[in-house]
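One-letter residues, chain by chain:
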Amino acid sequence: MEISVSVNGTDHRSDVEPRTLLVHYLREDLGLTGTHIGCDTGYCGACTVIVDGRTVKACTMLAVQADGQSVQTIEGVANGDELHPVQEGFWECHGLQCGFCTPGMIMSSIALLDSNDDPTEEEIRHGIEGNLCRCTGYHNIVRSVQYAGARIRGEEPQGASQEVSS
Amino acid sequence: MSTTSVMGGIVRRKEDPALIQGKGMFVDDIKRSRELAVAFVRSPFAAATITSVDASAALELAGVHAVYTADDVRDLGLNPAQVAVGTLRPLLADGAVHHVGEAVAMVVADDRYVAQDAADLVYVEYEPGDVVIDLKEAFADTHQVHDGVSNTLLTWHGHAWWEGVVDLPDPSPGIQEAKERDDTVVVSLEMVNQRLLPTAIETRAVLADWNSGYGSVELWTSSQIPHAVAGAIGVMFGIPSNKVRVVAPEVGGGFGVKLNVYPDEALVCFASRELGRPVRWTETRREAGFSSTQGRGWIGTATITGTRDGKILGYELDAICDMGAYTQNLTVAVPLLGLFVAPGQYDIPTSYALHCVVTNTPTTDAYRGAGRPEAAYYLDRIIDTYAREIGMDPADVRKVNYWKPDQFPVNTAVGMTMDTGDYEMNLDALLDRVGYEDLKARRDAARAEGRLLGIGLSTYVEVCGFGPSALAGLGFSWAGYGLPAAFNGSGVVRVQADGTCTVTIGTGPSGQGHETTWAQIVADGLGIAMENIEVRHGDSLDSPMGTGTFGSRSIAVDGTATYEATKRVREKAATIAGHLLEAASEDIQFQDGGAHVAGSPDRSVSWAQIAESAYQPHTLPEGVEGGLESSVVFSPPNATWPFGSHMALVEVDPTTGDVDLLEYWATDDCGNVINPMIVDGQLHGGIAQGVAQALFEEAIYDDAGNLLTTSLIDYPLPAAGNLPMFSLDRTVTPTDVNALGVKGIGEAGTIGSAQTIVNAVVDALSHLGVRHIDMPLRPQRVWQAIEDGRK
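As they're listed, the protein sequences go chains A and B.
Quick note, our numbering runs 354 ahead of the 1-based positions in the first sequence.
Quick note, our numbering runs 902 ahead of the 1-based positions in the second sequence.
So that you can see chain B by itself, here it is in the shape it has in the complex (with noise of 0.2 Å):
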């Protein structure tokens, strides 16, 4: 019935007129009358135990109408939303901080001027104790963060991740085995993946509104879950969720830092009932070091033992993972994402060992790919070290070891089923476009010439689209918390009485352009211009159930929802318009903003008579019932599996150690593609962050404790000057886990390219005696290399 072809095309975001003029409303754009505003005192120490908090200077300051402490908001309990694993966070510290930024006390005034002032004068007395900031130190657990409780807080294994769920054998003695054979070689490799801050241009923003005239309250905040955040409130406060209206309105970015439910989010909300104003808390930038959630932080060892012509016959990985001091929403489960993904692209025996350790620094929770950047970059690495030492080209290596596409649906050595996959069809997508053997012979040339050249390659496969809701009953969802949404994707698709369409889903979408996109499936489904489709989203009341937009899940699982619920509604607007047009249902098609016969495009009705008609039911045939709408929820019966191949050629100043990226070349592939603009749009910038991990970010920590990088000029996000225009292409490999064919890409640019730009610069360099170098590549640590490797 499909007759326009909108899906698939080129379509200018319908999100943008607002954003370019200065329009969009974003949570510290919207103000309210009254407002009061907060300022938090935190902890300048990353282990104390707290003997005093004294605020009576602080309340005398004109215009500061309270300071609140733990014992005020005792009586809310936990934030629901946090992994029952390790220690829990307070919503304030409780007589002992353990990390350097912990919120000890809330400061509500008049204006955020007076507010801050007011933090000053807010004198808390501590008692410093202990530290434990080095990982290694943190897992031979010496000094306990909590007392009491082990730093190891769990080990993920590969094989045997969840019992009776996946329970496989243990691989390691036929690693063992292989390692001793006379024909095998065996490469190692201790490597970093190094904390990082997720940044996203807009820091976190919360504004509460209560009204106890109607026992509810409205909650303004930069969130990727505003349902979650509305469940966890609810639960916090003892009011049902109906009564908790959550609102993340523009998103200034996500990128993981906002899938959390903040204690800061329930302290408004409480400020707000205790004073009966509307209350606002702005994260700065420096506070975001201390009050939002971080990412990475591995150290790891990799192993590969293979044949001298390629073949793997195992892979091993032993990391220990930086939980910081509590976990949150996600915590621990991102070791397992990366988990998910252990063996890559790959038919290899597979031995992983994950150890979640906590350190006294701010909690680590998803940021963008979580868990697979890492996987994949400890992966990557080690396969392109393995292709050195046997002397093999990368490429070829990695196609020896390849999941060939006739084995798909493959079991992975980790228990996980992959939908569909090609990837030597892909990898040779990207050498025939690159010209490989050119490329190999230009560097060659320039190295023989003194210049430093180096090309990296990097395929992934990343897991995403969540997904089987049954994955909840793990625990993996705040299903578990008796919170909403258990991975389901949502969609409401609805024909006003004018024939225009509102469009409702659960998505927490961050600039990803869901409502671009969304009006595509919905105008290609019924035939309504873009024009008069209206998406709407992260409004907890008025959208429905939802989880969320992270995990590059949305358009898997929302979008397959509110393409069927389309279905839905075209085949009752067929029923309406063949009864107006006196011809069969079947025979109706829908194009041009209306209904016709098949044949005779003169025999029409616009949307505005179907809707018309649909809204008075008496002129419905018989047993149709009134209204156009149609409200789905969808499960997957499995996650997707996107891949790709990625290739840097920088250029290395031998004197300075600074890495130049001269090109980059990516061929993804997400299955299908609903608007190839906003799908490269999303490679593009997670392409950025991962060359960001690799040359540019890390997230430095001083003995004590205190984060170095609290600015943007300490912790240098990548400017233009920074980055090359990116040369993108791609491949399709539908999945058939949802009606749509698409897998999602949200974090593929990410997910492929930190360990593409650390492979292109250690082959620059391997002739120098260079075998890695740990992340972030700055001039300083790249020249040491050259300098060692010389020696």
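Looking at chain A on its own, in the form it has when it is part of the complex (with noise of 0.2 Å):
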């Protein structure tokens, strides 16, 4: 089937079998590898991209489906050279370790601050409960979240060195 589907900003016009799965079209046809697989059953959130607004997870849609929508990969994040405060929030509060739970992670951590800019802890973990990782315990990656709240909220953000143990 044709689709046209905007992806980071770019259109694209792609002939795909009905049952492709979003994930595998992002992968596979336009080589954005970046958004992982987990598991099979929707549960792990390492796909998670942003469909036109909304936090999804790729391995639940199938590409047809997006069929004229816009969707934003981890990708397409960072401005050029800039990264975004999520990003940013991970790399200095050492949110990630193996890093493959990492873009759906801070997919889910973008959405979770585009409409909450100042969540509270109980309100970072219940919004990326629909992540897993099996590394960091949640730990670094409440307090990355944390500081890319403080990042954009444009308040001076705790990084790693605040709390580490001595």
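Simulated from the structure, these hints should not be mistaken for lab results.
Some hints could be false.
Residues on chain A that point at chain B, a partial pick, calculated with CB under 10 Å [to be verified]:
#1 R373
#2 I428
#3 E446
#4 C455
#5 G481
#6 L486
Glycine is no exception: its CB is placed at the ideal position from the N, C-alpha and C atoms.
Got two chains here, each in a separate frame; can you build the complex from them with the hints?
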């Protein structure tokens, strides 16, 4: 089937098999391999992208369902060389280890902060509940999102050096 | 000569810029032209003979290139990286299957969609047989998993686990005597340490490209041990290991599940060789429950005999350990790793018997901690039970029995020598920070109001930093199979002609931040800026012979090798700089990207100038060879023995049985620390995995051997909302077995945490008559225990 999708601001017209998952379309057809696959059931969240402003697990959506829509992936988050505050927060606060869940985690965090730029710890934990991380125990992910929130609000954020045990 | 202080400092990771922008390259992100994809046909039965395989319908499907069975790959022989105990796994099931999901045939097609379609069209006829899933039933040996082979492959005994290596007198008679004394108590508990699925978020993935022109193969695989994979592939295909390039690029979590040489790694190489095209297989999450190793799976009875004032006179553990249907790389060694820490931090007679038993389930092998979390769990749970029995505080009981700092190095009851330790100091540091007395008062006050608060404590020792290469002689590494590394660590430090530095190491990291930590070691030694140091790893041809990353070994072994290589480069650079500056090499100091004469900062040369001279040998002093690099292999005299103390505060909801983890504190001691941020991160993740075992996770099989928990819905990894912030601190007791004084931290969090949580929950419920609950402490189980206690 013929679809037309805007991905990270670039328009694509593609011919896809109707059963192609959006995540496979992004990874295999467009070569955007930053969106990862960690499960078969839409549970791990590694494939999270933003479709028309809402987070979507790209393994639970068909490419044909994205026809006419606008998709943002991890590759479209930074502004050239300038990192998004959430990316900066993850780097600054050691919010990633293996980095496999990170793109999806960052997309969910961006969506969370778009709707609430000053979330409580509980709101952050709830906001990223659809994304699983096996490395960090979420501790530093929470701090990364707090860091990003402060940056977005124009406040001085707390980096890793403010907390690490002596 | 060291003049910078990068080591020990918090440095943002060099790994991160690519990973946070979606530009990190994992195996499934690497594309070759004309790739084919693999899907496997897997057994629906846990035990069956295969009477026929009919692939004709699959082969008729457009886009299908081949379907391979055991007949096609038998000539490759068996994967040599399997411990030769029990029945070894063929590359594809050969006439029989022994667990659900065992691969019977391999389909190769144009893409993964077609491959899966075709796999569904392969008709396999099975003659199902009897299965043994229950561990105790398997141990009874009334029905064998492998015909004619006892289900109990071997039993590890604590005092005599290797003839001629550790062969101590049997402690049992002495413990029996203590049991018969009037002034002693005996406490005993049967406990399950349940099967787990390691569940790295990146499943395993393999991409092979065989080039018949070069007679070589390139294999990208999500592995912790690329060198071992290269060695095994070479053996199977009859080509030298220098014709096998195995690359572990970004690896999305390991935790032990990628610490094997898997049949699929050989099978995609085979398919690529046969079809002359690159071939890829990417494991699905469901498949990972069959095609990757699992962890834990012990049932055992722990017993303490001790006096009423807290002196332990005997500790016994008799446990059955589930191997699954086949033993792979470290399967039977995992219980042995637990045995190594059997007596924990204590000077106590220890009787240990671990029975390695096969069942009709997928293979178990290392999972974060690998035997040590199990050992720590049994010991610490029974110490807690003993403390409650004699009415002593669990912290005080531990102190009575600890090895004292002036006794180190100590020889333990299982014949190990522990390097350094100060356990009471470490525990006191935790208790002071937590405010233990106040915390107990808070718990008691809440209990008076009818709320169920509980405090759990665990103090553990782990063994890591493997290790002495002599251990490989016992067959505990790939060296026994003609494969490269015997637990060595390796590091190559090269200053390039432009004064930047390349470091290559034999590790196989999967998120541990080696590129950053190793750059810190080198930056500290050479005074070269972090951004000018590039750390490479995970390429079997480009990196030095290495053992990989597991068992919290990398920093203690490969880190030390790199530290030594750095020193040698620095010494040579000092000679060159001294020549250029007309000064004695002993007077040369390195900092800020170059070298200068001590006391005369103006008399300086940059690293680029030193390197320029090094690569133009005619400019060097007489007798000095060109080049500026050093390669070091390091084999430590002993393993390292980190330790720590963990505490949790939980609240149990009496009406639902729900456990709320309110607070978690840990004071760990891994010796010297190179990057505290990374060390803390390792602890966070490690603790989360131990908490996950205590509260959430369990690989569940039905009676027919079907894994019921193949999705992340049925196998609930903790999400962010299930965990608190962790409060960490550390004490520093350096090891003396390596020059860095580092011990390792990858598994400590997991080893210390599961029993901390269970101890806390039992503490919350003990006044209701609850003595023990088996993990995972899901609400229904906890609620039932409360109900049963009340009866």
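Outcome of the hint check:
1. R373: Check passed: Cβ of A:R373 comes within 7 Å of chain B, closer than 10 Å.
2. I428: Because about 3 Å separates A:I428 from the closest Cβ in chain B, which is inside the 10 Å limit, the hint holds.
3. E446: holds, 7 Å
4. C455: Holds - the Cβ of A:C455 comes within 10 Å of chain B, reaching about 5 Å at its closest.
5. G481: Since chain B brings a Cβ to about 8 Å from A:G481, closer than 10 Å, the hint holds.
6. L486: holds, 5 Å
The earlier numbered hints are all upheld by this structure, with none contradicted.
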